[in-house]
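Each protein sequence line maps, in turn, to chains A and B.
This note's numbering applies: residue 1 is where the first sequence begins, and numbers increase by one.
This note's numbering applies: residue 1 is where the second sequence begins, and numbers increase by one.
Hints in this document: simulated from the structure, not taken from any laboratory.
Errors might be hidden in some of the hints.
Unchecked claim - Part of the chain A face toward chain B, derived, beta carbon under 10 Å:
#, residue
1, Asp159
2, Asp164
3, Ala166
4, Arg167
5, Leu169
6, Arg175
7, Val180
Source: prediction; values computed, not measured.
Even for Gly, the Cβ is constructed at its ideal location relative to N, Cα and C.
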Amino acid sequence: MRKIKRLSWPIIAMAGFALVFIALPLVSVLFRTPWSDISDLLSVRQIRQAVWISLYTSLISALLCVLFGVPLAWFLARSEMRGIKLLRAICITPMVLPPVVGGIALLSAFGRRGLLGQWLYDWWGVSLPFTRTAVVMAQVFVAIPFLVLALESSFRQLDTGLEDAARTLGASPMRIFFTVVLPSSTPALIAGFVLAWARSLGEFGASITFAGSFPGKTQTLPMAVYEYISIDYRQSLVLSLILIAISVAVLGAMRGQWMRTDPS
Amino acid sequence: MTLSLVGTVRRGSFFHNIDLRVERGEVFGIVGRNGAGKSTLLHTIAGLIGLSDGELSVNGTVWDNPSSHTWLEPGERSCGVVFQDLRLFPRMTVMQNISFGLRSRGIAQHEATDRATVMMQSVGLDVSYSSRNVQQLSGGERQRVALARALVLQPEVLLLDEPFTGVDQHSLGGLRNLLKEVVAEFSGYVVLVSHNQTDIETISSRTLMIQ
Numbered sequence: 001m002r003k004i005k006r007l008s009w010p011i012i013a014m015a016g017f018a019l020v021f022i023a024l025p026l027v028s029v030l031f032r033t034p035w036s037d038i039s040d041l042l043s044v045r046q047i048r049q050a051v052w053i054s055l056y057t058s059l060i061s062a063l064l065c066v067l068f069g070v071p072l073a074w075f076l077a078r079s080e081m082r083g084i085k086l087l088r089a090i091c092i093t094p095m096v097l098p099p100v101v102g103g104i105a106l107l108s109a110f111g112r113r114g115l116l117g118q119w120l121y122d123w124w125g126v127s128l129p130f131t132r133t134a135v136v137m138a139q140v141f142v143a144i145p146f147l148v149l150a151l152e153s154s155f156r157q158l159d160t161g162l163e164d165a166a167r168t169l170g171a172s173p174m175r176i177f178f179t180v181v182l183p184s185s186t187p188a189l190i191a192g193f194v195l196a197w198a199r200s201l202g203e204f205g206a207s208i209t210f211a212g213s214f215p216g217k218t219q220t221l222p223m224a225v226y227e228y229i230s231i232d233y234r235q236s237l238v239l240s241l242i243l244i245a246i247s248v249a250v251l252g253a254m255r256g257q258w259m260r261t262d263p264s
Numbered sequence: 001m002t003l004s005l006v007g008t009v010r011r012g013s014f015f016h017n018i019d020l021r022v023e024r025g026e027v028f029g030i031v032g033r034n035g036a037g038k039s040t041l042l043h044t045i046a047g048l049i050g051l052s053d054g055e056l057s058v059n060g061t062v063w064d065n066p067s068s069h070t071w072l073e074p075g076e077r078s079c080g081v082v083f084q085d086l087r088l089f090p091r092m093t094v095m096q097n098i099s100f101g102l103r104s105r106g107i108a109q110h111e112a113t114d115r116a117t118v119m120m121q122s123v124g125l126d127v128s129y130s131s132r133n134v135q136q137l138s139g140g141e142r143q144r145v146a147l148a149r150a151l152v153l154q155p156e157v158l159l160l161d162e163p164f165t166g167v168d169q170h171s172l173g174g175l176r177n178l179l180k181e182v183v184a185e186f187s188g189y190v191v192l193v194s195h196n197q198t199d200i201e202t203i204s205s206r207t208l209m210i211q
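Working from the sequences, and respecting the hints, build out all of it.
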């Protein structure tokens, strides 16, 4: 059977160029990584601490995103109140905001002189900036829109008929949410969680502004990469490789979500 | 002892005027073309749509009356619904679907399971089906699950919306006989809606045509 020609050469050439442009830098890190010294470079205490802080804070952030983002997504999907479009826009703003601006915004709210932060400090002596809590807050701030967006669109596509059926059977809104709605949105919930976690893991701008880059305390992997560029470039390469490996693993785990080729 | 629904329901820009009185023990059939408001009528009784004006009462208890601000939530109405598209919970087993209403009303797991099992048998579903996912069932079997899910709560009102759609020719006879038995034993009010006059006439004791 004759194969139908669907693509022309200029399209293929430009697509190929884009592909190389994306793949080349990633592959280059692999080639430039000093493989023979990798165990020495990884044994540095500061590096191990950065890996640990990154994993620990990003996981907590992703869980917090689920805890608060799921109700928010549900509210945005089902509320019929006026101004809901504005609320939705506010909720996804951190996605398009330059992360460093996000850090400034967090300082403005929760810094010692911040809108809320001054009360926290004056009344309870709580100072949030430049703590590990601040790292988590910055990550949640930038990551939660990813989860909310993924889940909200899934909630909107759900058949409200099932919820109606559950209502006639006497189920409370809470029971309907947990037994009918959430199980139908499990793939979106997983996708949202992984996205939020990956975004938290890669967070740099907002965190360094709001939490600072203190080794062993608030310094995460991306901050360590940045710091080592000027100190020991090989170290930066190794850390970058770790982050690339994690990202690829995430993509691999998510292939059912994004790599689907059938139109369903 | 009457189910009385007199009033107006608004759906978008359409107004449906309804005047329906069903006697207890009666099987009331409604025939009409698609879009005539048959499902709207059932949804009004079930509490998924509110009346714009008028009153819905069952055995003298008011379920919906906008002028006196009386409103019973769908779950508070003693009303079982078999929806046209069934609306079985797709991620649940047969047992979980049938016992859902009992569990929602706070009935303990073992009692809910027992009652659901009895109900399965009375609608002709083999007990071995209980752990199957509802998506694995045939159209006729799914229809029986939907019927069992509605009946297990022992409702005062049973609403059947096009109960023979999506059922293959092979199982149609069996299902029709089952439904006849079920409604014959049912002591409350049955409202049955279909676009097929033959279906209605074989089961219902009184028929209304709506345009």
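- [ ] Classify the hint on Asp164 (chain A) as holds or violated, based on whether any CB of chain B lies nearer than 10 Å to its CB.
- [x] Hint holds; Asp164 (chain A) Cβ to chain B Cβ min 5 Å, cut 10 Å.
Task: Cut-off 10 Å, beta-carbon criterion: hint that Arg175 (chain A) touches chain B - done: holds, 6 Å
TODO: Have a go at the Ala166 (chain A) hint: is there a Cβ in chain B nearer than 10 Å to its own Cβ?
DONE: holds, 7 Å
- [ ] May I ask you to test the interface hint for Asp159 (chain A) with respect to chain B, counting a Cβ-Cβ separation under 10 Å as satisfied?
- [x] Holds, about 8 Å.
Task: Arg167 (chain A) as an interface hint toward chain B, with CB separation required under 10 Å - done: holds, 4 Å
Open item on the list: Just to be careful: measuring from the Cβ of Val180 (chain A) to every Cβ in chain B, is the smallest value less than 10 Å?
Closed with: Hint holds; Val180 (chain A) Cβ to chain B Cβ min 6 Å, cut 10 Å.
Task: Residue hint Leu169 (chain A), partner chain B, criterion CB-CB below 10 Å - done: holds, 4 Å
Every hint, counting from the list given before, is met by this structure.
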